[in-house]
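Student: In order, the protein sequence lines correspond to chains A and B. The numbers in my numbering rise by one with no breaks, and the one at position 26 of the first sequence is 26. The numbers in my numbering rise by one with no breaks, and the one at position 280 of the second sequence is 1280.
Careful: at least some of the hints might be erroneous.
[Claimed, not checked] Derived coverage of chain B by chain A (criterion: at least 3 residues anywhere in the stretch with Cβ under 8 Å from a Cβ of chain A; other residues may be distant):
# : stretch
1 : 1083-1090
2 : 1102-1115
[Stated by the list, open to error] Examples of chain B residues toward chain A, derived with CB under 7 Å:
# : residue
3 : A1044
4 : G1069
5 : I1070
6 : A1077
7 : H1093
[Said to hold, decoys possible] With a straight-line cut-off of 20 Å between C-alpha atoms, the simulated SDA-like cross-links for lysine to any residue are:
#  : chain 1 : residue 1 : chain 2 : residue 2
8  : B       : K1109     : A       : R124
9  : B       : K1252     : B       : K1155
10 : B       : K1155     : A       : R124
None of these hints come from the bench; they were simulated from the model. In this text, a Cβ means the ideal position worked out from N, Cα and C, and glycines have one as well.
Here are the chains, one letter per residue:
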Amino acid sequence: MDMDAILLSLKLALWTLALIIPFGVWVAHALLRLNRSKPWIEAALALPLVLPPTVLGYYLLVGLGGKSIFGIPLVFSFTGILIASLIVNLPFAIQPIQRAFEAINPEIIEAAQVSGLSNWQIFRLIELPLAWRGITSAAVLTFAHTLGEFGVVLMVGGAIPGETKTVSIAIYDKVQNFDATGAGVLSLILLLTSLVAITVSYGVFGRSASRQKSGRA
Amino acid sequence: MLKIKVSQALPNPLQIDIECAPGELHALVGPSGSGKTSVLRTIAGLSNASLGKIECGNQTWFEANELQGITKSFSPAERSCGFLFQQYALFPHLTALENVCIPLQNSEKDLTKRKAIAMDWLNHMGIIELADRLPHQLSGGQQQRVALARALVKKPNALLLDEPFSAIDAPTRQGLYKILAELRRDLPIPIVLVTHDLREADLLADRITVIDQGVGLQTASPHVLFQKPRNSRVAQLVGISNMFEGVFSSGKLSWNHSQYVFEVVDKGKIPPQTPVAWVIPADGLSLHPHAHANTMEARVDQISSLGQIAVVQLQINDGAHLITWEASAAELRRLGLEIGKNTHVEIDGSKIHIMPLRQINDPRHFTS
């Protein structure tokens, strides 16, 4: 079994989560206050959903290659695939959080305002706890999606063992080398991990939906 | 004293000029969509009008003029009003106790003290045993008591109540009326109540402002409002049933589409030959079994009995007018009224109240 690939995929998924969830919460919350520019920003954030991974991978290669926009070459490195993974996961992280913020009854926020809370207090004490199931859902989706991401990671990272060769790329390699057993084991691991993650997410959804019913419009 | 004088033409017309003294309960009454809630939101700082001034005590909360726009607008936190939302708007993830603690977040740093003060209020509202329940585990009436405790816990500068009694059953409502009466005794702050229920306003309020399409049409005590509505729209909105049209000319009121002319008090304010609307309150109407000089013949058209009270519709023999008369069951028997029978109606001219037929209520004509 390809332990290196599994560990690398986990490392990539956890790093992606750690960076994208705070960013997603911030963007989703900021989007609540936008009017005219909102459709454009939402469209840009949803692009990774509809673009072929090769197109996204191509632009990332161009942007991260050479000296890259960060001043150092980032292609074929862990940082490179992390950046790619962050971009690919934007819609998976932001949309559930945005929906959760939007579902909060505006009167509840107004009640918090007349109760004398500052904007930061409203965010921390009211909005964040009420949006937590959206945030959990975003985290689960991002985690599962990062584990399974293939096209963009292959374009940007290649398949350097221990550096950029994730589980899904390892599976592809094994199939290319007629290692059906190895590919099967890794595929099963990926399948079960994703299934557990999604089940947990649905479980959280079901419970919190009944608990917070009275707060929804 | 809470003084609100605000106006705007867009997006929704608003033209309000009201004052509410500490300890006073001022009701804003009007049909749905008349802008009552907008007025409350404007007072609380949840939205702003485009012109006017809102003052409370010696503080100016809001000021705006045509030249400079809004020059001052306190945040809802700075205004510190207690706001009771129609749907309560409790924080669904917090217990009753935690909900009531929230407004103390910035004024009382010690969590134990916060909880003690909040517990006091829950006790005051008679729901101390529900402190650890989440909002969805409470009934409508209980949720409302929590919401009221939350609105009052920080000792607000004014209490704003948005249709507080509309979603609860009658017994619960009686309990809340009692709480409100106690509050007014113990807490001398201005209270503004929004309601579409006139009986409720009549029962609870010291003064009532009738609002229609965002415009305050009349502010008066309930008694004056029902006896002397300022214009026909107010009369219509406060549900005065006997309202008619006529032409007024130096002390004489001729009833439109009828041969009847009444002698009324002439205050010298109305020019001759002015078309007017007029109302006759219940105590200006009497029925007699026999005709005499001032009576009009009428036929009983309909009798609706509502317990001890009966509402009688009388068709005047001019054929053009219906008069509604409320009587006790005993009176009905005394007069021997039955559908189809004839009787004699007397209208006391000195009780007739005359009003302009229409009034201009375009906010653009409002001067602040």
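Student: Would you mind marking each hint as holding or not holding in the structure?
Tutor: Evaluated hints:
| no. | hint | verdict |
| --- | --- | --- |
| 1 | 1083-1090 | holds (count 5) |
| 2 | 1102-1115 | holds (count 5) |
| 3 | A1044 | holds (5 Å) |
| 4 | G1069 | violated (20 Å) |
| 5 | I1070 | violated (18 Å) |
| 6 | A1077 | holds (4 Å) |
| 7 | H1093 | holds (5 Å) |
| 8 | K1109/B with R124/A | holds (17 Å) |
| 9 | K1252/B with K1155/B | violated (55 Å) |
| 10 | K1155/B with R124/A | violated (24 Å) |
Hint violations for this structure: numbers 4, 5, 9, 10, all remaining hints satisfied.
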